[in-house]
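J.: In case you want the letters, here they are:
Protein chains: 2
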Amino acid sequence: MKKIILSFVAIFVMVNIYAQTATPSEYHYQKLSLFEVLPVTSSDIIFIGNSITDGCEWSELFSNINVKNRGISADRTYWILERLDQIINGKPRKLFVQAGTNDLGAGHSPQSVTDNIAKLIDRFQAESPETELYIQSIFPVNNGFEKFAKHHGSKDKEIIEANELLKQLCALKGVTFVDVYSKLVDENGKLNREYTNDGLHLMGTGYLVWKKLIEEYVN
Amino acid sequence: MKKIILSFVAIFVMVNIYAQTATPSEYHYQKLSLFEVLPVTSSDIIFIGNSITDGCEWSELFSNINVKNRGISADRTYWILERLDQIINGKPRKLFVQAGTNDLGAGHSPQSVTDNIAKLIDRFQAESPETELYIQSIFPVNNGFEKFAKHHGSKDKEIIEANELLKQLCALKGVTFVDVYSKLVDENGKLNREYTNDGLHLMGTGYLVWKKLIEEYVN
Numbered sequence: 001m002k003k004i005i006l007s008f009v010a011i012f013v014m015v016n017i018y019a020q021t022a023t024p025s026e027y028h029y030q031k032l033s034l035f036e037v038l039p040v041t042s043s044d045i046i047f048i049g050n051s052i053t054d055g056c057e058w059s060e061l062f063s064n065i066n067v068k069n070r071g072i073s074a075d076r077t078y079w080i081l082e083r084l085d086q087i088i089n090g091k092p093r094k095l096f097v098q099a100g101t102n103d104l105g106a107g108h109s110p111q112s113v114t115d116n117i118a119k120l121i122d123r124f125q126a127e128s129p130e131t132e133l134y135i136q137s138i139f140p141v142n143n144g145f146e147k148f149a150k151h152h153g154s155k156d157k158e159i160i161e162a163n164e165l166l167k168q169l170c171a172l173k174g175v176t177f178v179d180v181y182s183k184l185v186d187e188n189g190k191l192n193r194e195y196t197n198d199g200l201h202l203m204g205t206g207y208l209v210w211k212k213l214i215e216e217y218v219n
Numbered sequence: 001m002k003k004i005i006l007s008f009v010a011i012f013v014m015v016n017i018y019a020q021t022a023t024p025s026e027y028h029y030q031k032l033s034l035f036e037v038l039p040v041t042s043s044d045i046i047f048i049g050n051s052i053t054d055g056c057e058w059s060e061l062f063s064n065i066n067v068k069n070r071g072i073s074a075d076r077t078y079w080i081l082e083r084l085d086q087i088i089n090g091k092p093r094k095l096f097v098q099a100g101t102n103d104l105g106a107g108h109s110p111q112s113v114t115d116n117i118a119k120l121i122d123r124f125q126a127e128s129p130e131t132e133l134y135i136q137s138i139f140p141v142n143n144g145f146e147k148f149a150k151h152h153g154s155k156d157k158e159i160i161e162a163n164e165l166l167k168q169l170c171a172l173k174g175v176t177f178v179d180v181y182s183k184l185v186d187e188n189g190k191l192n193r194e195y196t197n198d199g200l201h202l203m204g205t206g207y208l209v210w211k212k213l214i215e216e217y218v219n
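Chains as they are written, first to last, in the working numbering: chain A, 1 to 219; chain B, 1 to 219.
For the record, the hints were derived by calculation from the structure and aren't laboratory data. Heads up, some of the hints might be wrong.
To be verified - Taking lysine-lysine pairs in the DSBU-like style, the calculated list, with each CA pair at most 30 angstroms apart, reads: (1) Lys119(A) - Lys211(A); (2) Lys91(B) - Lys91(A); (3) Lys147(B) - Lys150(A); (4) Lys211(B) - Lys147(A); (5) Lys167(B) - Lys147(A); (6) Lys211(B) - Lys94(A); (7) Lys211(A) - Lys147(B); (8) Lys91(A) - Lys150(B); (9) Lys211(A) - Lys94(B); (10) Lys212(A) - Lys91(B).
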């Protein structure tokens, strides 16, 4: 029995070390190097986040050349913190953040996501105080699809908890919290099947819901 | 010995059936559904292709809101043919095509890539004859990186052959062939390490080389 418990403890520790030490993919550095040659200016409205942000065509969606995509598939809040210079140096007009799903999927806590978003807000408020910040909720997931069921898809409770913490954080810091979650969730607390084909990412219809909610802030 | 040969034949047949019957990923349908809600107009300059096209921010790169990204990661020429309606119905001003790498990586022949691009050209010339077509070469690859070495990275000869066929096709059809390959290849016939971190995809510097070559056609 002792052996079994020790084995479980060892696996738990290893999984956590893995989650902490996982490194970004080649794709991450491809996008970073592309962003390096695409300057951000003080007229710009920046969308930063993971695959859900990456997957959209933001300037097209808002018919605005100053709306720019800085999403990177698989990104996590602590990797976003490491690439803020590229954006903060341009002192953009607005910044929309949507991140945390991959942190939770990798076993990080709602509190750690919130702590990282707090650091992001602090940096902007100190170094680019004119930038309007919009912290968007983590989206619901749906474990009824095979692909992401095991990790991301099982995080329903953590997502609700993280969103509550993010909302409190935004109130404290005086920035806008945008609750996209409530617009995408079904009556069972899952990402509505109307808007997804894998339980994690959005279809075009989902992006339209998101657009409708935030267009008053973008324009 | 007969058994061994028969086994090899069986494996060969199975691999080919797999290549032919592989289906697009969830991501493919996410992008398709997004494109469905983002209309193409006769002012537009469309970039269509696979991950290499998908990975860029084209409207930003050319500072032009009418330059639109219709790349889908992992796309193949015969899947592109199936999604032409979304683009052809808008009768865009220009279409830039860059595709074929994933076909070759999946075991398809240079001739099959060329046959599919011929079908694409035929459809546009019949249904949207005002659209200026730019068929771009397949890019070199580099098997000196682990990730794609086995499939895509081993296709040096097929890529050269496909590009020669594409060039002949364009001359025959009266459309512009753009040789990006020669700008990205090193002295050993590989994708230059200056422009890639995985032997297949481009870093920002690579996109700048590509931009410089085609900007006379885009503007």
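J.: Each hint needs a verdict: does it hold in this structure or not?
T.: Evaluated hints:
1. Lys119(A) - Lys211(A): Holds - the C-alpha atoms of Lys211(A) and Lys119(A) are around 26 angstroms apart, at most 30 angstroms.
2. Lys91(B) - Lys91(A): Given that 30 angstroms is the threshold and the Cα spacing comes to 38 angstroms, the pair is violated.
3. Lys147(B) - Lys150(A): 25 angstroms, holds
4. Lys211(B) - Lys147(A): 36 angstroms, violated
5. Lys167(B) - Lys147(A): 40 angstroms, violated
6. Lys211(B) - Lys94(A): 28 angstroms, holds
7. Lys211(A) - Lys147(B): Answer violated: Lys211(A) to Lys147(B) is near 36 angstroms, above 30 angstroms.
8. Lys91(A) - Lys150(B): Given pair Lys91(A), Lys150(B) is violated - Cα atoms ~44 angstroms apart, limit 30 angstroms.
9. Lys211(A) - Lys94(B): 28 angstroms, holds
10. Lys212(A) - Lys91(B): 28 angstroms, holds
Checked against the numbered hints listed earlier, the structure breaks hints 2, 4, 5, 7, 8; every other hint is satisfied.
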